[in-house]
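2 protein chains.
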Amino acid sequence: MKPIPLIILWSFLATNATASWESLPESAPSPADNPTTAEKIELGKMLFFDPRFSATGTVSCFSCHNVMEGGDDHRSVSIGVHGQVGGRNAPTVWNAAFLSSQFWDGRAATLEEQAVGPVTNPIEMGMGSLDEALARLRAIPGYKQHFDNAFGAGDNVTMDNAAKAIAAYERTLITPNSPYDQYVNGDKDALSAKAIRGMDSFESVGCLSCHSGAAFNGPAMPAGAGFFVKFPIFEGKGDLDKFDLLADAGRFESTGIEADKHVWRVPTLRNLEFTAPYFHNGSAKSLDDAVLVMAQVQLNRDLERGQVADIVSFLESLTGEFPAQTMPRLPPTPGDLLD
Amino acid sequence: MKPIPLIILWSFLATNATASWESLPESAPSPADNPTTAEKIELGKMLFFDPRFSATGTVSCFSCHNVMEGGDDHRSVSIGVHGQVGGRNAPTVWNAAFLSSQFWDGRAATLEEQAVGPVTNPIEMGMGSLDEALARLRAIPGYKQHFDNAFGAGDNVTMDNAAKAIAAYERTLITPNSPYDQYVNGDKDALSAKAIRGMDSFESVGCLSCHSGAAFNGPAMPAGAGFFVKFPIFEGKGDLDKFDLLADAGRFESTGIEADKHVWRVPTLRNLEFTAPYFHNGSAKSLDDAVLVMAQVQLNRDLERGQVADIVSFLESLTGEFPAQTMPRLPPTPGDLLD
Numbered sequence: 001m002k003p004i005p006l007i008i009l010w011s012f013l014a015t016n017a018t019a020s021w022e023s024l025p026e027s028a029p030s031p032a033d034n035p036t037t038a039e040k041i042e043l044g045k046m047l048f049f050d051p052r053f054s055a056t057g058t059v060s061c062f063s064c065h066n067v068m069e070g071g072d073d074h075r076s077v078s079i080g081v082h083g084q085v086g087g088r089n090a091p092t093v094w095n096a097a098f099l100s101s102q103f104w105d106g107r108a109a110t111l112e113e114q115a116v117g118p119v120t121n122p123i124e125m126g127m128g129s130l131d132e133a134l135a136r137l138r139a140i141p142g143y144k145q146h147f148d149n150a151f152g153a154g155d156n157v158t159m160d161n162a163a164k165a166i167a168a169y170e171r172t173l174i175t176p177n178s179p180y181d182q183y184v185n186g187d188k189d190a191l192s193a194k195a196i197r198g199m200d201s202f203e204s205v206g207c208l209s210c211h212s213g214a215a216f217n218g219p220a221m222p223a224g225a226g227f228f229v230k231f232p233i234f235e236g237k238g239d240l241d242k243f244d245l246l247a248d249a250g251r252f253e254s255t256g257i258e259a260d261k262h263v264w265r266v267p268t269l270r271n272l273e274f275t276a277p278y279f280h281n282g283s284a285k286s287l288d289d290a291v292l293v294m295a296q297v298q299l300n301r302d303l304e305r306g307q308v309a310d311i312v313s314f315l316e317s318l319t320g321e322f323p324a325q326t327m328p329r330l331p332p333t334p335g336d337l338l339d
Numbered sequence: 001m002k003p004i005p006l007i008i009l010w011s012f013l014a015t016n017a018t019a020s021w022e023s024l025p026e027s028a029p030s031p032a033d034n035p036t037t038a039e040k041i042e043l044g045k046m047l048f049f050d051p052r053f054s055a056t057g058t059v060s061c062f063s064c065h066n067v068m069e070g071g072d073d074h075r076s077v078s079i080g081v082h083g084q085v086g087g088r089n090a091p092t093v094w095n096a097a098f099l100s101s102q103f104w105d106g107r108a109a110t111l112e113e114q115a116v117g118p119v120t121n122p123i124e125m126g127m128g129s130l131d132e133a134l135a136r137l138r139a140i141p142g143y144k145q146h147f148d149n150a151f152g153a154g155d156n157v158t159m160d161n162a163a164k165a166i167a168a169y170e171r172t173l174i175t176p177n178s179p180y181d182q183y184v185n186g187d188k189d190a191l192s193a194k195a196i197r198g199m200d201s202f203e204s205v206g207c208l209s210c211h212s213g214a215a216f217n218g219p220a221m222p223a224g225a226g227f228f229v230k231f232p233i234f235e236g237k238g239d240l241d242k243f244d245l246l247a248d249a250g251r252f253e254s255t256g257i258e259a260d261k262h263v264w265r266v267p268t269l270r271n272l273e274f275t276a277p278y279f280h281n282g283s284a285k286s287l288d289d290a291v292l293v294m295a296q297v298q299l300n301r302d303l304e305r306g307q308v309a310d311i312v313s314f315l316e317s318l319t320g321e322f323p324a325q326t327m328p329r330l331p332p333t334p335g336d337l338l339d
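In the order they appear, the protein sequences are chains G and A. Those letters in the first sequence? Residues 1 to 339, by the working numbering. Those letters in the second sequence? Residues 1 to 339, by the working numbering.
Warning: the hint list may mix true and false statements.
Any copy, or any two copies together, can satisfy a pair, since identical chains are not distinguished.
Said to hold, decoys possible - Calculated cross-link-like contacts (lysine-lysine; reagent style DSS-like; alpha-carbon spacing at most 27 Å):
1) Lys261 x Lys188
2) Lys285 x Lys144
3) Lys261 x Lys242
4) Lys188 x Lys144
Quick caveat, the hints were computed from the structure, so don't treat them as lab data.
Using the sequences plus the hints, can you model the full thing?
In structure tokens form, the structure reads like this:
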């Protein structure tokens, strides 16, 4: 094994030692080419909930990203059109606005880019092409006025604009003001003694090395520059077989680069209470399991039961306030839309 | 053929001649054993949108009864768990509170009775038994407080109470104040001349014989006493093959009674603009087709194109105001819920 250069070791430790705890912003920045407006949000919400852009007319963004709960789908791995079972656990859409890359393997740089991915994925929404999806969208006359409102009159019913609207809506899906946020903003009574012990352990054990920042998904990066880490790092744990962590090669599956094997984007830890089961394959059923396994395979540490309970208590304090939302009204369907 | 007793003929004609046009009430009555309360409505909305009571965790009431649009699912026939395709078109849940029986064949007397049907239907939600569904419900701790709020503290997390809550929510799904309603309530400018001609034709052609009442689903009946009519009555129309109206034996499928063959509950005509395609099998793609075919097979009449257009214009005036709704917040999922 090569020696670790001192400068890197120092910088790594220094990061830990001076870690600042960040609270979640109440709003997310929007990119220069897609400023957030009320009209885009409303259109984006309609599109997000609309199942008509899937092969069967039954699967929408909402199907796997249930914003009435944790922004995921309660399942280990997701189900798309025709009952097909996917390979990965649906990541939460809550606070995705703060992630610098999208999907478990970070293959989309932005929310706009992510939004169109599932449409043509054969086991997600299963449309033959984006053009087919666009034809569906144009065949629903009631959408035109909403595109005009959001993008100005003209030839504006495009996949690009649909993606922009969905991203604008997703940038409103933020859960601020968790007990943790209240605590770091100065209310020292917001966390229990147990959660505070867990917060200390979270830092001292080393979780914070990767799970830093306001959304606990790593340091702020430019859009598209994901924060990636190998998982698992320490593989030699026999009792970990049941979590089957090596079956999926992670980022390698999209890049084909050998160094990306079993490399993953660091996920947010916000609202974990709502997003069980855990890991890219949903193999960890409880937060206790997830914390134990992460410590073993990422930090090569066997945590004691009490310390796990403390850390779980801290993680539970990351559940924020889910904003009240009105349901969108979707325009009527022509009877031959799905033919 | 036996002569029709005069008294019945007279009463039939008299009904037509003195037909009163009814507007839709703004609220629906609730049964004595399930008074509507705000707490039940909120719980019922949660359950209505919750997909966790289906075998795969992907299908909820909302999946086939999309209250963000027409209260149905855009499809000819519905899709349930494992991508299985059902045999009938999803009836709208909007204004179902005014129907005296539920399902296309009226096999459920009340909204309460209807609500539990799809849960164990193998091609809808596909749970092995209602007990399994109840076990899921009880395994989500966050629901308990909502059952307490709705039904008082105690052993209240029951399928019976879940059904009551869903029915209470569904009784709020009413779309009053359509142009038609405004018109019959005195605003003579609320309908176009075309729609008024269509309204006259709707009566004179005979549509009103079956499609009477505030929801246009027939006369008010006691709960459970559905208003049933044979469909098609006149079968000898060669060009109707494409609508395949005889493949499904209708009410016979649930009662096994010979006289119930091809007998159906008369459906509401409210919000048809939002519920294409039409008929129990979704074979009519447009309102024009539906009106033409209904006149042919129920009234033995071939309508002229202009008269069809007038009637369609009238039917479009039955689109009411959909109440704004907030999204429910669903309680978190234990990671092993679906195992």
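Next item on the list: Check each numbered hint from earlier against the structure, then list the numbers of those it violates in ascending order.
Entry: 1 and 4
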